[in-house]
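There are 2 protein chains.
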Amino acid sequence: MNTHADRRTPVEDLAGFIETAYLKVGLPEKDAKLAAGLMAEADRIGADGHGVFRLPQYIERIQAGGMNITPDIRIDSERAAMAVLNGDNAMGHLVIHRAAQIAMEKAETCGIGWVGVHHSNHAGPAALYAKMPMERDMIGLYCAIGNANHLPPWGGTEMLLSTNPIAVGVPSGEQAPIVLDMATTVAAYGKVKQKVMSGEMMPEGWMVDKLGQPLTDPRRADEGFLLPIGGPKGYGLGLIIGILAGTLNGAAFGRDVIDFNADNKTTTNTGQFVLALDIAAFMDVDEFKRQVDVVWETMKSSPKLPGFDEIRLPGERSHQVSVDRGTHGIPVHPDLRIRLDALAAKLGIDPLT
Amino acid sequence: MNTHADRRTPVEDLAGFIETAYLKVGLPEKDAKLAAGLMAEADRIGADGHGVFRLPQYIERIQAGGMNITPDIRIDSERAAMAVLNGDNAMGHLVIHRAAQIAMEKAETCGIGWVGVHHSNHAGPAALYAKMPMERDMIGLYCAIGNANHLPPWGGTEMLLSTNPIAVGVPSGEQAPIVLDMATTVAAYGKVKQKVMSGEMMPEGWMVDKLGQPLTDPRRADEGFLLPIGGPKGYGLGLIIGILAGTLNGAAFGRDVIDFNADNKTTTNTGQFVLALDIAAFMDVDEFKRQVDVVWETMKSSPKLPGFDEIRLPGERSHQVSVDRGTHGIPVHPDLRIRLDALAAKLGIDPLT
Numbered sequence: 001m002n003t004h005a006d007r008r009t010p011v012e013d014l015a016g017f018i019e020t021a022y023l024k025v026g027l028p029e030k031d032a033k034l035a036a037g038l039m040a041e042a043d044r045i046g047a048d049g050h051g052v053f054r055l056p057q058y059i060e061r062i063q064a065g066g067m068n069i070t071p072d073i074r075i076d077s078e079r080a081a082m083a084v085l086n087g088d089n090a091m092g093h094l095v096i097h098r099a100a101q102i103a104m105e106k107a108e109t110c111g112i113g114w115v116g117v118h119h120s121n122h123a124g125p126a127a128l129y130a131k132m133p134m135e136r137d138m139i140g141l142y143c144a145i146g147n148a149n150h151l152p153p154w155g156g157t158e159m160l161l162s163t164n165p166i167a168v169g170v171p172s173g174e175q176a177p178i179v180l181d182m183a184t185t186v187a188a189y190g191k192v193k194q195k196v197m198s199g200e201m202m203p204e205g206w207m208v209d210k211l212g213q214p215l216t217d218p219r220r221a222d223e224g225f226l227l228p229i230g231g232p233k234g235y236g237l238g239l240i241i242g243i244l245a246g247t248l249n250g251a252a253f254g255r256d257v258i259d260f261n262a263d264n265k266t267t268t269n270t271g272q273f274v275l276a277l278d279i280a281a282f283m284d285v286d287e288f289k290r291q292v293d294v295v296w297e298t299m300k301s302s303p304k305l306p307g308f309d310e311i312r313l314p315g316e317r318s319h320q321v322s323v324d325r326g327t328h329g330i331p332v333h334p335d336l337r338i339r340l341d342a343l344a345a346k347l348g349i350d351p352l353t
Numbered sequence: 001m002n003t004h005a006d007r008r009t010p011v012e013d014l015a016g017f018i019e020t021a022y023l024k025v026g027l028p029e030k031d032a033k034l035a036a037g038l039m040a041e042a043d044r045i046g047a048d049g050h051g052v053f054r055l056p057q058y059i060e061r062i063q064a065g066g067m068n069i070t071p072d073i074r075i076d077s078e079r080a081a082m083a084v085l086n087g088d089n090a091m092g093h094l095v096i097h098r099a100a101q102i103a104m105e106k107a108e109t110c111g112i113g114w115v116g117v118h119h120s121n122h123a124g125p126a127a128l129y130a131k132m133p134m135e136r137d138m139i140g141l142y143c144a145i146g147n148a149n150h151l152p153p154w155g156g157t158e159m160l161l162s163t164n165p166i167a168v169g170v171p172s173g174e175q176a177p178i179v180l181d182m183a184t185t186v187a188a189y190g191k192v193k194q195k196v197m198s199g200e201m202m203p204e205g206w207m208v209d210k211l212g213q214p215l216t217d218p219r220r221a222d223e224g225f226l227l228p229i230g231g232p233k234g235y236g237l238g239l240i241i242g243i244l245a246g247t248l249n250g251a252a253f254g255r256d257v258i259d260f261n262a263d264n265k266t267t268t269n270t271g272q273f274v275l276a277l278d279i280a281a282f283m284d285v286d287e288f289k290r291q292v293d294v295v296w297e298t299m300k301s302s303p304k305l306p307g308f309d310e311i312r313l314p315g316e317r318s319h320q321v322s323v324d325r326g327t328h329g330i331p332v333h334p335d336l337r338i339r340l341d342a343l344a345a346k347l348g349i350d351p352l353t
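Those protein sequence lines, which keep their order, are chains A and B. First residue of the first sequence: 1, per our numbering; consecutive thereafter. First residue of the second sequence: 1, per our numbering; consecutive thereafter.
In isolation and in its complexed conformation, chain A is listed as follows:
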């Protein structure tokens, strides 16, 4: 993470740049600030493919009329512990931020809160939203339908499923919080793109071609598809996430999913959901956090396999990155910087410092 340590951008500068870009294309002040803050936070926690990296694409979609910059994000239906939120084709960040707020409010009274959304959009890294309830001593869980299909059902060849991720954030005491953020495929599609950029081959097990044979050349990614974790199990898990995040909310799933990389205009009708669990409803919060520390320390204390220096907990590396970047700023890859400079010139705003 220190490759570009000689040129780091402070988190607030990055957020400021994104905010200015959004203001320029017409987002209301409050929305521009909120979306920008969440995107800079994505970079801070190390989700390099899901932060400012996405800005040019989001701006293009907004300018193409594919996202609503003056949305009326509203509750379609609700009961005491759940709601279905209509994102009105807003930026996904704004929709899920609202969903998480509602889920937490409901959890505060009911013990848990579940908010599903439809007509949302790509919202960045899943961890961002699973972590929100942690600030209120709640456990957060977030699932999404990916914004492009990358794999078929198990045994098939038609790409009907995405990498449908699941993220869970668990507050801890002395240790870093435990934050799982995983695609239901062996590799996320972003990792394939990274291999193209680095000129490396992919290991077997990431992708197969349309005959089911291993595909290891990332430049041929278009000729194959990602593999789900555990074969049919990951397929099943991705399918269930599709039903819970999509079908249950009246959002797109299967053949209806719009490839947002290829199409900037069509409403994606993205589906996601956030679940918040209020720890205090289950047990004493401090005691819970102590027990999470025990889990952390127990796992860490296991003897190690040959070749492993360390046993990691989910979210540990991201936490380390976030501490480093919070202090020293965010390394923006030179290629990305070129794209962002071009964007700034196009929008007539100051380039990123």
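Honestly, the hints are just simulated from the structure, not real lab data. Only a predicted model underlies this, so the values are computations on that prediction, with no experimental measurement involved. Watch out, some of these pointers could steer you wrong.
[What the hints assert, rightly or not] As a list, the in silico DSS-like pairs of lysine-lysine whose alpha-carbon atoms are at most 30 Å apart:
(1) A/LYS191 - B/LYS304
(2) A/LYS210 - A/LYS193
(3) A/LYS191 - B/LYS289
Knowing the structure of chain A, use the given hints to seat chain B on it.
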């Protein structure tokens, strides 16, 4: 599934046999009937390692004083949409049945209901409980901490995690319901035991030895551990299930997990949870079921990879088995029948017909 088609036991006869055994060791009439019905149902849906197969072990545990046959299953804490249930060391089937009932009641008013349990026990196949809410047009989700640790944290060698399964049941319209039931390991431990019985080797990827090398001889299973799906991802998922089903409910996790195969006496303090989502709170129930049928048909209609006859949906095979066994009865493996005959003789009850 037709290997022993010449000798099938009707589901109700199997349930009757189990019930009689439980009555004989002192379970109250209602509890004996309920647990027996659930165990026979496990066999009906094809979970051969989780139905009557477990009866001798459960009876041994009861006779050794390791399970409470007159439990006071009670709510420890609750809010509108959640509860923590104290199983009082009852049979897991009784505890989770109660948990599912409470979750459904809460979902009926609040839209969703989450019930965690502690001081429960092994409860059979996860699908059994994920399916319960389906009868009330709800989606069910169930997670459990397995009753013996079979794998280390990723990169470690101390077995601190179990196969912690997740199951989800989704009601459908014309098609069979979609029911996912998966361990977070590549293979469930029962599959390893089956390989021992059949004299076959395991494929690479199921287990590794304590040096991280592939272990394919199932008779050497004691010398190694199961692998999680997707490597570190399955480890993370299993860990999170451990926290949600165990830590959050004050149940055992990590070093505290009792190996219930090796120890019949110690209270296991098993943790599980059930989540019910009332579909009507989200959308019109009939429309949802139609959309689930669309998901089913969409997946089925994908062109197939070479070597695949069919694309399956999660729970499809189990549904077919359950229809067959409901009509023609349950094939009880001759080896198991010998064990059940011995149990009947020991208890002084009629053998299974």
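Hint numbers not upheld by this structure, sorted from lowest to highest | 3
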